[in-house]
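Asks: Listed here are the chains, written in short residue letters.
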Amino acid sequence: MIRIQAPQGILPRYNPRLLNNNQAQKAFNCVLDQGDCRPLKDTIEKQFLTSSTKTVFKYGSWRQFDNYASVIRSPVDAGDYRYYWTDENGGGYKTEEGKGALPLGVPQPDTGPSLTKGGSSSEDNPLRSSVYVYTRVTAWGEESAPSGPSGVMDVYDGEWIEFSDMSDGESSHVTHYRIYRTIGGHTGSVYVAVPFQTTAGNIIYDGDNNIKYDIPKGDIGDMKDGLRDADLTVSMEVLDWLEPPSDMKFLTDLGNGIMMGASGKEVVFSALWAPYAYPLAYRYNLDSQVTGVGHVAGIPVAFTKYSTYIFDGSTPDSFQQRKISETQGCVSHLSICSTLDGVLFASREGLCVANPNGVNILSLPVWLREQWKEMDINNLIGAYFNKRYYGFFKGDKKGFIFSLNDIEQSIVEFELDDDVVNVYVEGDGGHLYIVFEGHLDEFDVGDNLTSQWKSKIFRVGPINFSSFKIVGDEGDSKITFYVDGQQKYQILEAEHNKSYRLPTGFIGREFEIEIESEYRWYSMGMSRSMEELNNV
Amino acid sequence: MSRRTLPAVTSPNFPEKVKEIIEIREGIRGSRMNGFVTFKDLEEHDPLRNQPPGPLVIQGDPPAAPSNLQIQAGILGNTLKWDESSSKDVWYYEIWVANSQNRSEAELIAIVSHPNTKYVHSLDSGSVNDDHYYWIRAVNWSGLYSSWEPPDAQGGYLVEGSTSYSEMTSEILGVLQDRIVELNEDHFVENPYGVYNNTFYIALEGEEENHVFPFIVGEIEGVPTVGINGQLVVDGSIYADAIAADQITGAHIAANSIEASHIQAGAIEVGYDEITGDKPPVDADKTSADNVQSVISQVDIDNAKANGQTLISGGYINTDILQVDYGIIVGNKPPSDADNTSTVIGGGFVTTGWIADSSSNPNLRVDFNNATIEINNSDGLKILNDGHIQFNSNTYGQTGRIGEHAFGGMYIRSWHGSIQLSPNSDRSQTDPFRQVTIRGSIKLPTSTFDNIYTIGVPSAAWKNVYSHDFTTVTHVPDMENQQKALDYLKNIKNWRKKNGQIDHAQHYACVQHDEKDEKTGEVKTYYGISLGKRCAGMEKMIYELNEEVKDLKNKLIKR
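Residue numbers (this note's numbering), protein chains in the order written: chain Z, 1 to 536; chain G, 537 to 1095.
Hints listed in this document are in silico derivations from the structure and should not be mistaken for laboratory results.
DSBU-like mimics (lysine-lysine), calculated; alpha carbons at most 35 Å apart, straight line:
| id | chain 1 | residue 1 | chain 2 | residue 2 |
| --- | --- | --- | --- | --- |
| 1 | Z | 217 | G | 624 |
| 2 | Z | 217 | G | 617 |
| 3 | Z | 265 | G | 624 |
So that you can see chain G by itself, here it is in the shape it has in the complex (with noise of 0.2 Å):
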């Protein structure tokens, strides 16, 4: 940085002087290339006071005034603009101002470095009427000063005060109208660009009329509009109330409201709006159509409306995957068709007001294959309106054993709820609920208690109810025949500890089953002792008890 030199000073002892005032004064050691004093440091230090007599020299050449000072006034303040001085070490100008000619009146009101050419000196509005005279000069860095701009001979460059504050405003008011009415007109500023009074064109590089005109500003139905005249490249963001387009392509689509005919994108997410039309994407919280046909492979409804629920009215949903997080409340036509098996329906409430005629054509028909349902709220899993659910024979899995998840994939994981199982009419439908394993325990109200029984053949029933770990039911208010199940429960305790047997009926159930007498024809009722913990081999346990119970019971009776 060569821009600072020291001032050339003749002292014996200055450049000594100067080095320890550099230490000091720059607080460094090493190297002092960049290092500097000011005039100032020289004159509090011994290089002026403990020199010997005489005065401080400075050698060198003063610098080059600046030149052609030019000042234009302005409400707000008087811009000052000159040439810079000729001189290589110039290291600032000095903005000097006065009311007179008098320049001994005169203030240094600025510095301005080199190589700045420019000085705002604003006005206050005490001082705006006033004339002001101005001077400036260069300092170069021996501290030496040009002289004056103007030159003396020609006198300070004066910038007479307006009359008044509210006639300068007046004028500069009326400038600016008589601007705006240029507008109205066509102008041509300058090659290479030209000014109508509702564009502007740019003149290419080639033939002389090679121009674009960019855009047309007009109105289209009153409202002022302006025309993009080809392709409008925006690298960022572009906001707007509202965008209507033949077409939109790109990566990502953010808008509070799309509308179009037609909408084909790979993933169309939506917040809080919905999606209206005949044919709309599914991708809304809220669709309202007669086909809603996705052409997405998924459909996220992430938020439900206001009130909590997430609307999908009268439409008819083909899509690979319908997704909802907070509800779908379904209206002639339910979703149907969900023809992938990764169909999701999360912590909703489904509902419908079509009932089906036939099974064969369900109101609701949602096929998994392989899938799991999992209900994980409180409420469990109701099946209402005499309805019935259906395991077909091709519902197969894990088959029921002891221990294990059970019914072809129906995996019931509860600590509160409950299944409640209504009597079928529909004697039609055999063997439902064939197999039921339940892992845990079933915990039996007194009231519901005897909604659990059996149906279809007493012994394949008997054979297909297992347990493992039988909560112990304390109260059978309604069996009349329940002293004497017990009875027999004890009788059978005994018989089997005497045969040597492990007893692990330490939790019991009774059930009862009706059984019809094949030689008279008399239907009679059997009370069964159901034995839990676990026990292997229990697949015959309960049946061979049962018929333990009906040998013993036999037995009583003759006695």
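Isolated chain Z (complex conformation) (with noise of 0.2 Å):
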């Protein structure tokens, strides 16, 4: 007797006459999460696109990009549904709900401000001898990294230092200026805020009795600068921060306040909850091109084609780079997917895992390396979710599913209608999405598909089965049978739990069965007897 239960995917791997009974060469759309065989459910459209849409996002409402962007949410929530993203080919931007892309970074001025005495001074020795500096500040209170130093100037006691030839480099964004000098200490000279004052020496406060540090553009002329050093005392923080490099792509939010990119060979990290910051002391250079980037639990993971480097430690500025793999690196950055078990990614080999302990192919005991390579690796994109990888390829109907709980024995394959431009989850939902060309689908919710299930050759004979039985909810399979590798029966609506007898001539020694079914089955028998049928 044959009897097969809880079936299982599939394992090209493997002879398909050395598998398990119940594991499968051929599971197409089926779900066999539960133990049982159901049918993957149909697409259902949920939104139109414009046909150039390569990637959708969403955040209060749907958002669009003609290319594979990377798109992450704001890591402080200003209520405002600001998000960041870069391009596919690079550069970073950002807006908010109903607003046009602004660039990512906040441009650090080039010059620094013209200063004019104001005052008079009847002694000789100067109070002060001041270096100025300003940064722009941005309608969300982005502050770039300063401008470059004033001149020199001495300040005697009297006198106050205005400020021109300030410039917001053409950005509407930028609506304030922050202003720094240089105060001497014991052991050197720091930059601190200088607070705004009309009258000099004359601090404004906030309506929160807060000193008022960011200065509107328009009144920057109004500015006067009178206090004494020990007035000061809020040090620059900004010094370092950058825009990010022109060419940054792969933002990834690393969940932690950090941002994540890269530039040609370079890795990039923001300063903490500052995502347009990218300090050229947070840069780190890898073997070659980085193809991508991920992070597991917060901790980031990069690659290049070839190599996965790790980075140890807490932030930024202490990071330790390690490669983990010289071997595997990432083809397809749209196949990353970051997990609280390691970053999945598509290398040559198969598809690996990336964490703090190394590299692993997942996908080595399903997937021989050739039989990967045979697949468009290159194009493929990837989902997590459900706590499974769903594979899809960039201008392909087919996909897999790949259950991670389970690697062995859980592979299913499927089909859907059009070429799959792009996938998107829905991490609040809880939605899989697949971007075509023109529509958005939610991935798994319509009608039930025909599940194609077909069991390993059995090789039992010579023998000649005469009964048949599958068990599932109530619904009918169409059932195929096959005898040393021929077609020999066929039961085109084979009620489920009702047992079958069969024509005579099955006698042969290999067997195989394929279940074609938009019904949930859990177990199948052929037999010699119609008695025995009542095990399974």
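Assembling the complex is the task here: the two chains are given apart, and the hints tell you how they should meet.
Replies: Structure below.
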């Protein structure tokens, strides 16, 4: 008797005669996560898209991008649906609900401010010698790196400094300036913030009684710095807060206030909670072009085509980069999925997972390297959803589902109606969406498709099976029997839970059974007597 | 940012010291490509203090001096301009000023960051009369100074002080006056602009005479006016006290007042002002016109005028939808011909002075086809002036079964309102109130109890009075045979009990009707009992009870 219970997925690596009884040669449009086989559901169109849309992102409303952009939500919730992205070919941007794209970074002023002395003094010795710089501040409170320094100005008691030649970089998003000046100490000088003063020496406070450091652009002509060094307390934090590299891509949120991206061979990190600032000290060189980035619970992982790196440490200024694989690199940045268990990605040899312990080729028990390479892995698009890796191929209808919990036994394949452009997993709602040309569909939510499951090759003969039964939900399935490689018989509408007598002529050595169904089924059996089917 | 370079200082341990300074100063580790130190740092730190005896040596060439210093004197300040230094490593320019050619008395008043080449030296009233001598020089990133501009051989750039403030002011006003006079003449500033005394032209590409005159300035009826020659395209908004135009087309036009002989639009919304004219579209809180015919599908009147009433007077309104939020007063000809079933008059007060003399020509006719009237106020629905409500035979709907809404869609929902039905003198109206089914309770004040009665054939009348939950009537003062009726009821109840029938008559009401004796022609008054509570099959019960009452009465009389 042949009995199949708890059908499982395919293992193309192995000879179909050597599979376990419940493993499959073909598992197409099947979902096997509950021990039974249910049909995958059709996709349902949820949204019209422009035909050029390559990437979608939902934050408030749906956003569309004409390239394979890397999009993240703002790590700081300002209530205005801010989000940031880098384009496929590089270049960072930001925006908020209903606004147009702005450059991601805040451009650093080039030239320092010009200084004019005001007031008068009869003193012979200066109170201080100061160098000034200024920064640009946007409407979102983002602050640029400082300008170049002004010249050195000696200031005497009774004098103050006025400012000119400050530029907003022709950015309407820049609304304020902050001014810093040097103060000397026992061991050196530091830049400290200069509060807003329209009367020299009189600090202006905001509505919350905090010292006002942001000077509106239009009021810079009224600024008169007459404070003494002792009045200044707030040190500059943005000395190295440069714009991101102009070709930065793969923008990724590590989830701990740090953003990560890549530029050429460099992996770059943002300042803490400042997605717009990428200090030079936070940039790390890899051995070749970065092909993608990800993270394991906030631990950064970066890929080249041939290598994988991990960054140990808690803050970007102290990261220690460590190459954890010299053979497994990422061949498709769209295949990367960051999970708590590791970063999943497609290498030349298989579907891999990278974590602090190293890189493991997950798919090796399933697909030989050669079989893996036969797939269009350079265009593999991955989605991590319900503890499974959904693999799609750009420009193709086919895909596979890879269960990470039970890798060797749960690979199924499927085919969609249209060529896939991209995928998107909505974190909030737990939905998997497929970007097609012109429309966005949700995956596995529509009517049942027809599942196709073909058993291993049972080598049991010579024997003559006379009875068959399939057990499942109320419904029917189409059953095809193969004997010694030849299609022998079909039951077009085999009702579930009902025993069937098979015609004569079933003698053979090798048996295969294929089931096509729109209904859930659990097990099946083929025997030499009807009585035996009671055990199915 | 190659602009910052460290001064070249010869010291065995100098690089290390500078590195340390930068680290302390900048507070950073890692890349120091953009770090810098000032000379003051160097002076305060070991590179200078602890290095072996010997002067700090700064290598490199000083920058080239700025050139061509030009100064324009002004009332409020002198504007300095110069050509930048030809050196590539210029950091900034120093601005020095003195009141004499003795530069040792000069004061550094400003530093201007390279590549800026302009500076305004502001003058206060105390210094405007003084002579000022200016020198500038460049400083490079090595801290080296250029020679002076103007060169020493030439001396400082002198700007003489004005003799007096008022004198200078007068002079400037004179200049301004000259300019004003000049503007009254035609001027051709330079191609491609030409300026006339009342307009200007802009030369387009092509022929020399291919000019456009975008506007002309003049007067219309004494009002200074600018005329636009051609189209005026404005991306933003136009704010004006008034706009008069032959045609205004736009997706959205908002104005406090629009006057036109003809306004046509998909929707016109008017806030608190009015639209006047012979045939204005109706979309205003107040319209005065003989004929108001809307070309739009819906008339929305959102707000009343100051007195709380929306006024539409004297007109003839023809519109699909008339919606009034706060009220309508209608004059000689009320709104009519509301030919769309969605006509809505919400929460308003409708009155008319025009009395129709024929039911076929009513003064106010509103056709409700399958529509619902809801009256949600405490005043209820009043039909005055001996009016009546007529429900035509084609008014159909649910047929008044107990427990359901009845009367072809007439559904009265009010906790506190009442229905008052006055005697109808027009008996020609047959079968008024053919059926009344009331879901809920009727509370009958004693004073109005006798206002419920039936007319027509008693049996038909009885048959068509239903109730499933009469409130107990406790006082029937003017029914002389009340006690009799109650006795009848008692007997009925006993009779029903005796015959095994469920007694649902927990509540009752007494009603009376007149019945003409067919034999004698005598009209007699009968008293009936209406039983309440939910009671399936009540359709005939009251009629039967009535018959029982009559029988009992006859039996009692015979006794």
